[in-house]
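Produce the complete structure using the sequences and hints provided.
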Amino acid sequence: MSATKEEFWRWHEYRRTMPNIKPAGKDLITAGVDVGSVGSKAAVMVNGHAYSWGIIRTGSNSPESAKKALDFALKDTGLALGDLKYIVGTGYGRVNVPMANKAITEIACHAKGANYIWGSSVRTVLDVGGQDIKAIKIDETGRVVSFLMNDKCAAGTGRGMEVFADLLQIPVEEIGAMSLKVESEPEPVSCTCVAFAKTEAIGLLRKGWSKEKVLAAYTRAMAVRMANLINRVGLEPALVVTGGQSKNVGIVSRIETILGVKCLPAPNWREGGLDPMVAGAFGAALLAKALYEKAQPVR
Amino acid sequence: MNKNETVERRYLPEISRKEIDELKNTVKVSSQKIIADNIERMKKADPHRPDAMKYFDDIANLFGRRQQEIQAEKEKGKKVIGYLCLFAPTELISAADAIPIRVNSGWYDTSKLGDRVVPVEVCPVIRSTIGAKMIELSPFLEQSDALISVLTCDGMTKLSEILSDQKTIWGMNVPRIKDSTQSLRFWSDEIRHMKTQIETFTGNKITRNSLKEAITVSHRATKVFRRLQELRKGNPVIMGRDAMLVNQAYTWDDKKRWTEKTEALCDELEKRVQQKDWVCNSDTPRVMLTGTPMFWPDSWKLPTLVEEGNPQGIIVADEQCSGERILSDPIGVDEWSMDDMLNAISERYLMASTCPCFTSKDGNEDRINWLLNKVKEWNVQGVIYYVIRGCMLYAMEYSRVKKALDKINVPVYYLDTEYTREDVGQLKTRVEAFMELLNARVDF
Chain S
120 MSATKEEFWR WHEYRRTMPN IKPAGKDLIT AGVDVGSVGS KAAVMVNGHA
170 YSWGIIRTGS NSPESAKKAL DFALKDTGLA LGDLKYIVGT GYGRVNVPMA
220 NKAITEIACH AKGANYIWGS SVRTVLDVGG QDIKAIKIDE TGRVVSFLMN
270 DKCAAGTGRG MEVFADLLQI PVEEIGAMSL KVESEPEPVS CTCVAFAKTE
320 AIGLLRKGWS KEKVLAAYTR AMAVRMANLI NRVGLEPALV VTGGQSKNVG
370 IVSRIETILG VKCLPAPNWR EGGLDPMVAG AFGAALLAKA LYEKAQPVR
Chain H
-18 MNKNETVERR YLPEISRKEI DELKNTVKVS SQKIIADNIE RMKKADPHRP
32 DAMKYFDDIA NLFGRRQQEI QAEKEKGKKV IGYLCLFAPT ELISAADAIP
82 IRVNSGWYDT SKLGDRVVPV EVCPVIRSTI GAKMIELSPF LEQSDALISV
132 LTCDGMTKLS EILSDQKTIW GMNVPRIKDS TQSLRFWSDE IRHMKTQIET
182 FTGNKITRNS LKEAITVSHR ATKVFRRLQE LRKGNPVIMG RDAMLVNQAY
232 TWDDKKRWTE KTEALCDELE KRVQQKDWVC NSDTPRVMLT GTPMFWPDSW
282 KLPTLVEEGN PQGIIVADEQ CSGERILSDP IGVDEWSMDD MLNAISERYL
332 MASTCPCFTS KDGNEDRINW LLNKVKEWNV QGVIYYVIRG CMLYAMEYSR
382 VKKALDKINV PVYYLDTEYT REDVGQLKTR VEAFMELLNA RVDF
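Going down the list, the protein sequences come from chains S and H. Here the numbering used here is used: the first residue of the first sequence is 120, the next is one more, and so on. Here the numbering used here is used: the first residue of the second sequence is -18, the next is one more, and so on.
Source of the hints: derived by calculation from the structure; they are not laboratory data. Among the hints, a few may not be true.
[Claimed, not checked] Straight-line distance between alpha carbons at most 25 Å, and here's what the computed SDA-like set of lysine to any residue pairs gives:
{"#": "1", "chain 1": "H", "residue 1": "K388", "chain 2": "S", "residue 2": "R176"}
{"#": "2", "chain 1": "S", "residue 1": "K256", "chain 2": "H", "residue 2": "V361"}
{"#": "3", "chain 1": "H", "residue 1": "K384", "chain 2": "S", "residue 2": "N350"}
{"#": "4", "chain 1": "H", "residue 1": "K357", "chain 2": "S", "residue 2": "V264"}
{"#": "5", "chain 1": "S", "residue 1": "K413", "chain 2": "S", "residue 2": "D258"}
{"#": "6", "chain 1": "H", "residue 1": "K383", "chain 2": "S", "residue 2": "A357"}
{"#": "7", "chain 1": "H", "residue 1": "K236", "chain 2": "H", "residue 2": "Q49"}
{"#": "8", "chain 1": "H", "residue 1": "K384", "chain 2": "S", "residue 2": "K194"}
{"#": "9", "chain 1": "H", "residue 1": "K384", "chain 2": "H", "residue 2": "R402"}
{"#": "10", "chain 1": "S", "residue 1": "K145", "chain 2": "S", "residue 2": "R176"}
{"#": "11", "chain 1": "H", "residue 1": "K388", "chain 2": "S", "residue 2": "V264"}
{"#": "12", "chain 1": "S", "residue 1": "K256", "chain 2": "S", "residue 2": "L378"}
{"#": "13", "chain 1": "H", "residue 1": "K409", "chain 2": "S", "residue 2": "R176"}
{"#": "14", "chain 1": "H", "residue 1": "K214", "chain 2": "H", "residue 2": "I307"}
{"#": "15", "chain 1": "S", "residue 1": "K256", "chain 2": "H", "residue 2": "N420"}
{"#": "16", "chain 1": "H", "residue 1": "K384", "chain 2": "S", "residue 2": "W388"}
{"#": "17", "chain 1": "H", "residue 1": "K93", "chain 2": "S", "residue 2": "V264"}
{"#": "18", "chain 1": "H", "residue 1": "K139", "chain 2": "H", "residue 2": "T149"}
{"#": "19", "chain 1": "H", "residue 1": "K24", "chain 2": "S", "residue 2": "L378"}
{"#": "20", "chain 1": "H", "residue 1": "K384", "chain 2": "S", "residue 2": "V214"}
{"#": "21", "chain 1": "S", "residue 1": "K256", "chain 2": "H", "residue 2": "G406"}
{"#": "22", "chain 1": "S", "residue 1": "K317", "chain 2": "S", "residue 2": "V282"}
{"#": "23", "chain 1": "H", "residue 1": "K409", "chain 2": "S", "residue 2": "N215"}
{"#": "24", "chain 1": "H", "residue 1": "K25", "chain 2": "S", "residue 2": "N220"}
The following block contains the structure:
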């Protein structure tokens, strides 16, 4: 699954097992499966603690992607599907997660997941996924207070970044850092619509703009859009970013500049930290635990 | 009759008879499918659906029974007067022995055809009505001998101009400031002018007796209309979509028969209340809809998502001109003189409306009061503020409504959409997340 030279849009598919947890028979093991439009994420939790997770690219078939992601998360853990007491499906393909006991929207799951990753101080979550953006206000327990979602167009989302990676022939995971390598911030492109932005970018390149400058202009436009959504829902610190674009330093730092607040820093997923891209799956696995416990007879 | 033979078309494109027939057939088939699907889903949502709903399902087939009835009446010489807005004084139409019928269009497919005449930025209610006229799809619009168009917004104003290519249109100028005496005087002149226009057109004099009779019919309808909404106050005994369909059917149906059938429905529902036969669990979030009208059949998209969602919600009230605003307010007549009746009609159609096309000293406070009262009395747990793109007035009033609802700690969700069916997946996430939010306030 390694990136080849031609596939600039390709990002890391990976899995992780937390070494400090050893599941035993009495433990409550739950899972969350988040089938997004671009990435499928699965997380396994032991007594409400993240144990393992996996991220793959979503294929054309949602049920299959869900299964693959969960198998990937379970791989080499010694656990099997039968060990999972309760599974929550979430994301765009949540109704197509065949092994799930229940479907919950990604909005509720990202809220819960952000609360899990960063703790109870989080009040505003920006989830930037493959094809939509959500600004979510939450309370100290990770419950949704209110939310806003962009309309049906994929402007300014992960999918747009993939298109730009291909266009400029830069690996998608380097786009964020590259977009910051400009002496001064250019004007944002006038339109974040993926199709139009692409045309505009080609025009700018012909005008002699560097790739960095074009990226800066596009990333800026995306960040402005996201900041607007956050302002509309009502910014209340602490602010965090989840979803695939949480890894895009160009986006995150620009949002911080525009809003004048710092986001809580994301744990470093390359060093085993809880990956904000998996926030929805973590939240789903936690809600799975709560739902399982609720369904048990009171002793 | 249609004027298309005599008047030059200033707006509508020339379309060949062949293309009209082909498009009409295709869209009609697709529309019949959507109507049947909507009804099928409403049946499935409530396995014990009241027997009385069968009648309304029948009326909801826009190409069926009601169309034939009206055709038969027309052949006997009756005039049909269509209207595009609830401010049209339907009692005057009935009193002149003509048939009032609402002709706003709720078809997605025809809204796409309307794009040939006006830009996509224009609200789909307008585009859909234009498209329906282009292919002669809407039975009620086609059967109308004249149309009353109340110029409430920019869309309605130009729509009436566009339709005048093919229809006799009577515009009514509506004052925008509701609470001034000169506004009422102006509007009451418009009402009186409309009376003369209807009389001349139909050749029937509106008499004291015929108007009194028409108002009395409205009073009876209002009474049972209110009875139905009252039944939605407690534990849910009827699905929101069923009630919405009954409410909207009033605008197409024979008024007396609608009243009888709705009484029968209410009798049935009252029995169910006694038997504690509810349509959903008592902890299902109770939702109110407000905003842009939802016209049958394609606008059933959103209510269907709410009531079939996971988690599910139940619509217990609305504040829409396609719903509860239709009949909630009676015409307050003191003395049954012609003058007094006309004054009462003027007041009813102007003062009772909560449409955002109005403003007043306190802005559109009447709407806020309606919403707050509904929330309180109907025990509403969440409000969906529905705006179809292009509907500037509803979109602009949102901030005020939100503030008012924030103050009483009732969540409101702004949901913008179109007539399109392409955004259903995305809307589903938004609606379900809102239902989860409402649920979480109770228990998660």
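Structure-based check of all given hints:
1. Between K388 of chain H and R176 of chain S the alpha-carbon distance is near 44 Å, which puts this suggested pair outside the 25 Å criterion.
2. For the hint pairing K256 of chain S with V361 of chain H, the CA-to-CA distance comes to about 22 Å; that is within 25 Å, so the pair holds.
3. Restraint check: the Cα-Cα separation between K384 of chain H and N350 of chain S comes to about 16 Å, which is no more than 25 Å; the hinted pair holds.
4. Annotation: proposed proximity of K357 of chain H to V264 of chain S holds, straight-line Cα distance about 21 Å (limit 25 Å).
5. A C-alpha spacing of about 21 Å is found between K413 of chain S and D258 of chain S, which places the hinted pair at or below 25 Å, so the restraint holds.
6. With a C-alpha separation of about 24 Å, the suggested pairing of K383 of chain H with A357 of chain S holds against the 25 Å cut-off.
7. For the proposed pair K236 of chain H and Q49 of chain H, the alpha carbon gap of about 16 Å is at most 25 Å, so the pair holds.
8. At roughly 50 Å between alpha-carbon atoms, K384 of chain H and K194 of chain S are farther apart than 25 Å, so this suggested pair is violated.
9. As the CA atoms of K384 of chain H and R402 of chain H are separated by approximately 31 Å, the hinted pair breaks the 25 Å bound.
10. A distance of roughly 33 Å separates the Cα atoms of K145 of chain S and R176 of chain S; the hinted pair therefore is violated under the 25 Å criterion.
11. Under the criterion of a C-alpha separation no larger than 25 Å, the hint pairing K388 of chain H with V264 of chain S is consistent with the structure, at around 15 Å.
12. A threshold of 25 Å between alpha carbons decides the hint, and for K256 of chain S with L378 of chain S the separation of about 16 Å falls inside it, so the pair holds.
13. A threshold of 25 Å between alpha carbons decides the hint, and for K409 of chain H with R176 of chain S the separation of about 23 Å falls inside it, so the pair holds.
14. Distance hint between K214 of chain H and I307 of chain H is fulfilled; the C-alpha atoms sit about 18 Å from each other, no more than 25 Å.
15. With a C-alpha separation of about 16 Å, the suggested pair K256 of chain S and N420 of chain H falls inside the 25 Å cut-off, and the hint holds.
16. A hinted pair counts as satisfied when its Cα atoms are at most 25 Å apart, and K384 of chain H with W388 of chain S does not qualify at roughly 41 Å.
17. For the hint linking K93 of chain H to V264 of chain S, the alpha-carbon distance of about 37 Å lies beyond 25 Å, and the restraint is violated.
18. With a C-alpha separation of about 14 Å, the suggested pair K139 of chain H and T149 of chain H falls inside the 25 Å cut-off, and the hint holds.
19. Among the hinted pairs, K24 of chain H with L378 of chain S is inconsistent with the structure: their alpha-carbon atoms are about 49 Å apart, more than 25 Å.
20. Only pairs whose Cα atoms come within 25 Å are accepted, and K384 of chain H paired with V214 of chain S is rejected, the gap being roughly 35 Å.
21. Distance hint between K256 of chain S and G406 of chain H is fulfilled; the C-alpha atoms sit about 22 Å from each other, no more than 25 Å.
22. Under the criterion of a C-alpha separation no larger than 25 Å, the hint pairing K317 of chain S with V282 of chain S is consistent with the structure, at around 8 Å.
23. The hinted pair formed by K409 of chain H and N215 of chain S meets the criterion: a straight-line CA distance of about 14 Å does not exceed 25 Å.
24. Proposed proximity of K25 of chain H and N220 of chain S is supported: the alpha carbons are some 23 Å apart, at most 25 Å.
The earlier numbered hints that this structure contradicts are 1, 8, 9, 10, 16, 17, 19 and 20.
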